[in-house]
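Student: Residue numbering for the sequence shown follows UniProt numbering, beginning at 1 and increasing consecutively.
Keep in mind the hints are simulated off the structure, nothing from the lab.
One or more hints might be untrue.
Stated by the list, open to error - In silico DSSO-like pairs for lysine-lysine, Cα to Cα no more than 27 angstroms straight-line: (1) Lys715 - Lys424; (2) Lys259 - Lys282; (3) Lys239 - Lys254.
A quick note: this is a predicted structure, and the numbers were derived from the prediction, not measured.
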Amino acid sequence: MNRAFTPLKPLQRNGVLANSMPDVQTKKATFQAMWRKKSGKKNKTWEGDAIATLSGGNLVVKSGNKQLLRVSCANASEGDLFAGGVYECELGSMLDVEIKSSPVVEEPLIPRKKIALTRQKSVSLNDLLSAPLPKVGSAAPAVPKNPVSKPSTNVAARPVVKKPVAMTNISSGELEIDTELLEHLRPHQVEAVQFLYKCVIGKAHSYGNGALLADEMGLGKTLTSIALIFSLLKSGLIKNCLVVCPVTLLRNWKAEFKKWLGETRIGVFVASPEADVSNFFKTHFKTYQVLIAGYERMIKIADELAGGMQLFDLVICDEGHRLKGLKTKAAQSITSVSGDKRVILTGTPVQNNLSEFYALADYLNPGIFGSMAKFVKKFSDPIALSRSPEASESSVQNGQEATEELIEIVSSFVLRRDFRILEKYIQVPKTELVVFCKPVPNQIHSYKNIIASNVISNCLDTSNQGELLKAISLLRKAATSTFLVPEEWRLGRTLTTSESGGKLQVLASLMKELSSKTDEKIVIVSGFTSTLDLVQTMCANLELQWLRLDGSTPQDQRQNLVDLFNKTNHKRSFAFMLSARSGGAGLNLIGASRLVLLDSDWNPAIDLQAMARIFRDGQTRHVHIYRFLTTGTIDEKIFQRQLTKQGLSDTVLDLEPTPDKFSKDQLRDLFSLRTPQLCCTVEEGPHEHLEVVQATDGGLLESAAANISCVLKVKQ
Numbered sequence: 001m002n003r004a005f006t007p008l009k010p011l012q013r014n015g016v017l018a019n020s021m022p023d024v025q026t027k028k029a030t031f032q033a034m035w036r037k038k039s040g041k042k043n044k045t046w047e048g049d050a051i052a053t054l055s056g057g058n059l060v061v062k063s064g065n066k067q068l069l070r071v072s073c074a075n076a077s078e079g080d081l082f083a084g085g086v087y088e089c090e091l092g093s094m095l096d097v098e099i100k101s102s103p104v105v106e107e108p109l110i111p112r113k114k115i116a117l118t119r120q121k122s123v124s125l126n127d128l129l130s131a132p133l134p135k136v137g138s139a140a141p142a143v144p145k146n147p148v149s150k151p152s153t154n155v156a157a158r159p160v161v162k163k164p165v166a167m168t169n170i171s172s173g174e175l176e177i178d179t180e181l182l183e184h185l186r187p188h189q190v191e192a193v194q195f196l197y198k199c200v201i202g203k204a205h206s207y208g209n210g211a212l213l214a215d216e217m218g219l220g221k222t223l224t225s226i227a228l229i230f231s232l233l234k235s236g237l238i239k240n241c242l243v244v245c246p247v248t249l250l251r252n253w254k255a256e257f258k259k260w261l262g263e264t265r266i267g268v269f270v271a272s273p274e275a276d277v278s279n280f281f282k283t284h285f286k287t288y289q290v291l292i293a294g295y296e297r298m299i300k301i302a303d304e305l306a307g308g309m310q311l312f313d314l315v316i317c318d319e320g321h322r323l324k325g326l327k328t329k330a331a332q333s334i335t336s337v338s339g340d341k342r343v344i345l346t347g348t349p350v351q352n353n354l355s356e357f358y359a360l361a362d363y364l365n366p367g368i369f370g371s372m373a374k375f376v377k378k379f380s381d382p383i384a385l386s387r388s389p390e391a392s393e394s395s396v397q398n399g400q401e402a403t404e405e406l407i408e409i410v411s412s413f414v415l416r417r418d419f420r421i422l423e424k425y426i427q428v429p430k431t432e433l434v435v436f437c438k439p440v441p442n443q444i445h446s447y448k449n450i451i452a453s454n455v456i457s458n459c460l461d462t463s464n465q466g467e468l469l470k471a472i473s474l475l476r477k478a479a480t481s482t483f484l485v486p487e488e489w490r491l492g493r494t495l496t497t498s499e500s501g502g503k504l505q506v507l508a509s510l511m512k513e514l515s516s517k518t519d520e521k522i523v524i525v526s527g528f529t530s531t532l533d534l535v536q537t538m539c540a541n542l543e544l545q546w547l548r549l550d551g552s553t554p555q556d557q558r559q560n561l562v563d564l565f566n567k568t569n570h571k572r573s574f575a576f577m578l579s580a581r582s583g584g585a586g587l588n589l590i591g592a593s594r595l596v597l598l599d600s601d602w603n604p605a606i607d608l609q610a611m612a613r614i615f616r617d618g619q620t621r622h623v624h625i626y627r628f629l630t631t632g633t634i635d636e637k638i639f640q641r642q643l644t645k646q647g648l649s650d651t652v653l654d655l656e657p658t659p660d661k662f663s664k665d666q667l668r669d670l671f672s673l674r675t676p677q678l679c680c681t682v683e684e685g686p687h688e689h690l691e692v693v694q695a696t697d698g699g700l701l702e703s704a705a706a707n708i709s710c711v712l713k714v715k716q
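Please build the complete structure, drawing on both the sequences and the hints.
Tutor: If you want it as structure tokens, here you go:
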């Protein structure tokens, strides 16, 4: 039954209406971490995973809801060690988490029948590990292309790899992949196996025997690696292999070996904290051929092997971007036991830091770039200088030449594909629309006030990156809603949530039409949790059921939320609110066929990952993706930079200039408000992948036509 549309009520926090107080936000650093109790043992291992939060001069480490330690700390980075009370911890990679001064409302404001969250019984990472941490670029099982036969699951006490005739195709120079595994590999995985094979046997390049597989998450790097390992073992080119991965993925890797090869075709030994790794070597690889170990455990393993200096024939480092700090004990330990055949798996390209890439490349192919000083002189400095706004013509030319030479070298041992390679396997249509929303009068007033304020003038007069990012963040929020900016810059009192921004008006209309005329569901993505608060209020006022996942969502509840959304109908869970950086990668939200991206990120990979949540294997409906932009604002500037993105992103590096590299003229253009007839993107020139359409999207956007200045369709 259709309901009359009632004015939307602002979100209430702690008894105070949201429109009567600014949404104060602060930044904090959040890390993955490992913890253990203090011990006098010589060889210590980590006992579990945790989340470490740096805020207000303190570092707080929690495992689940339990606080392990709290220490005073002004700054922290990956690899740092901290101790307090009876615990100590080591920081892992940094997570992108935005916090705010008030708690997230976890239930609709209008009471509805509660949906119980039940722990799923299927075999998944959440079942295998008690408290897993979010991983970027972590191993993910691929969906079989042709699941003709199930992998063997027979169990035997002493698995032995049977050696058939030589597996190498001499005429083609390619590795003959095990036939049972080949049935489950997609073409891009077969290509990756052959690429890695040619690298590790020294046929791909003259720099060494290393390779970096930098495919994005979801392309099946784990299965690809298993196919490489097993085929090399059967060919006799290697006798053993070491797989190094984060401790949270140990069981996942073992489960994947069992899934694809069973327990009779290959022997896998997991170096758990209590395991005696010497057992791996005792039978001279007749019982075990693959050792799986965590990064921290490698310190102890290297010490145990120091006497005989046993080198592994093949080493595969999952989430290998951890090796960017080659001076850490774990990295040095891995290097000390690595033979010449080395592979790094990572779905996280190294961004804006060539020294980090040097560390990865030098591990894979020692000496490939000479010394660090030589690499900086030949590549880092010229490329960095050419990206400066004040770069001379000769500096730009030198930088371009250095970039081209670096790309040529990198492409010989790095393979990187993004998730769009899977789109051809998804047998449903996709329509992607860029919707330019007119700013409402309140927004125009607030936006102009911010531009005229000291916040912007300070950015033009200083090179302080913190001030610049603060200004950009403020304008991005103002482009969405005046509720998200301090009250001093607003025009009077905003009465409803939708009246506070053009994008929210269009979203409210779309949700109302979608919920009343179809049985489809929607995913709504934003980079700001404060924006999700507003959407949550809109859903509550429209009496629409919603679920939410952001940086504050406990890790052990995330998969439950995803499963609940995918398995229930639109009456029980109509909308799924998602934080772009906290949940943009890896989630499968095929329960929805519509997705709205409310704000764009400087890094287009973040947006693409988020938009791919509903266009995945298993989707059965026509997919509609909407990117909302507020016309004439910073939204358009960010989108235009994404359209012209350049650099090394097609290989492994992303050298797109960040905002702090802009000239003053570029910043003035960035911090401006324009009033085009349609939109700046159209008026400033045609784009081959975009076309102007008078789309009402089956009538769902028709009711919002007055709030839309232009719609562009992305050509597929």
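Student: Does each hint hold? Answer for all of them.
Tutor: Now for the hints, and whether the structure bears them out:
no. : hint            : in the structure
1   : Lys715 - Lys424 : holds (15 angstroms)
2   : Lys259 - Lys282 : holds (26 angstroms)
3   : Lys239 - Lys254 : holds (18 angstroms)
Figure legend: structure checked against the earlier numbered hints; every hint is met.
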